[in-house]
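*Asks:* Take these sequences, add in the hints, and give me the full structure.
From first to last, the protein sequence lines stand for chains A and B.
Numbering of the first sequence is given in numbering that gives the first Met the number 0, commencing with residue 0 and proceeding in unit increments.
Numbering of the second sequence is given in numbering that gives the first Met the number 0, commencing with residue 0 and proceeding in unit increments.
There are no misleading hints in this set.
With a cut-off of at most 20 Å between alpha-carbon atoms, the simulated SDA-like pairs for lysine to any residue come out as follows:
| # | chain 1 | residue 1 | chain 2 | residue 2 |
| --- | --- | --- | --- | --- |
| 1 | A | 192 | A | 210 |
| 2 | B | 20 | A | 197 |
| 3 | B | 20 | A | 153 |
| 4 | A | 10 | B | 16 |
| 5 | A | 10 | B | 22 |
| 6 | A | 2 | A | 159 |
| 7 | B | 61 | B | 46 |
| 8 | A | 192 | B | 18 |
| 9 | A | 10 | A | 210 |
| 10 | A | 161 | B | 39 |
| 11 | A | 161 | B | 26 |
| 12 | A | 10 | A | 215 |
| 13 | A | 10 | B | 15 |
| 14 | B | 61 | B | 76 |
| 15 | A | 161 | B | 27 |
| 16 | A | 10 | A | 124 |
| 17 | B | 57 | B | 79 |
| 18 | B | 20 | A | 188 |
| 19 | A | 192 | B | 20 |
| 20 | B | 20 | A | 156 |
| 21 | B | 20 | A | 185 |
| 22 | A | 10 | B | 27 |
| 23 | B | 61 | B | 43 |
| 24 | A | 125 | A | 94 |
Calculated from the structure, these hints are not laboratory results.
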Amino acid sequence: MSKVMVVTSGKGGVGKTTTSAALGAALAQAGQSVVVVDFDVGLRNLDLVMGAERRVVFDLVNVVQGDAKLTQALIRDKRCETLWLLPASQTRDKDALTEAGVGRVIDELRARCDWVICDSPAGIEKGATLAMRFADLAVVVANPEVSSVRDADRIIGLLDAKTRAAEGEQTLEKHLLLTRYDAARAARGEMMKIDDVLEILAIPLLGVVAESPDVLTASNLGAPVTLHNPASPVARAYVEASRRLLGEDIPLTLPEPRRGLIGRLFGRRAA
Amino acid sequence: MSFLGFFTRSRSAPAARDRLKVLLAHERALGGDRNLAAVLQQEILAAIAKHMPIDPDKVVVKLDSGDLVSILEIDVEVPLVLAST
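*Replies:* What follows is the structure, encoded as C-alpha cells:
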C-alpha cells in the first residue's frame, strides 16, 4: 500500500529539502517507487538539489489547475529509475494551490507509486498545511537548536490537529529526524544532546544526521546525498532512516564526534 | 575568545534545554492554538447575540497561562436596559 509522507519542520534551513531528496533516493534504491513533491510554490529548490532544474517543463500548480497531466509534469531521476520529482512552480504564489486540487493529485500519485514524499515549505502558512494535509506519516526535521526545536513542537501540534488523518481520529505517525548534529559539541555541553531534544519533543527518533560538509557538496553537484557519496556517514544515516521507514528494526548508529587536529595527533577522544 | 575562555568554555546546552522546557509548557497550555482567545470571543459573542443585542466591543476574552494555573477571563458588558428587566 502506498504511503504519503510529509517532510516538515516549521523553521527554514534545517534540512527539509536535503532530507526529502536523500530519503526519496534511499527508498528508491531499496526498490520502492517514489515521487518527491516540492510544495514550496514560488521558491522551488528540490529540482536544483536533485539536479533536475533544466528538465522542469510543467509543475505541481499546472497539474493541480488541470493545465497539464501528471505524467507530463513528473521528472524521472537519471540515476535512479524508480525515483520521480514533481517540481513546484517558481512563478505563482502559494494561493495557486487548492485543497481539493492537491487532494486529487495526491490520490493520483498514490495510485502509481509506493511513496509520495511531500517536501513542505517553511512556516505554517497554506503551502505547509497543504503539504501535511493528506499525509499518513510525518518526518519532523529539527536541528539541536532552540528556535528549531520550538518550531518543531508547533508543527507537531499542527500535525495532530490539521491533517486528514488526525481529523479522522487516526493518529498520524510522527518521526523525528535530528539533523546538523555535532556529537563533539554535544559532548562538551555546547549543543543539546539527542536525549534532550527527544525528551522535549516526545516523538520517536527516526535518525540522527551529523553536521557534514558532504551535504553542501552533494547539493552543489545536484545529487541527493545518499546517491552522491553512499559511504559518507550522512548517507548512511539517511539509508538507515529509510530502512526504518520500511519497517526494519535496526539499532541507531550515533554520529561519532569528529576529532580535531590535536585529537587525531594524540588519539584523544572528546570527553 | 580569551586564552582562559578556551579552557572554561561555557556549557550552554543545559540552558537551551531548560528554557525550551519552560517555554513549550506555556505554549502547549494554549492547546497549540494561539487564536483560542479570538475563537472563544467570536463564539461567546454569537451565543449572547442570539438572546440580546450586544456591542461586539463589550465582550473581552483573555487567556493567561501561568506556571501552575491558566486563567480564562471573560468579561461581558450587558446593556443597561436588558439587565434591569
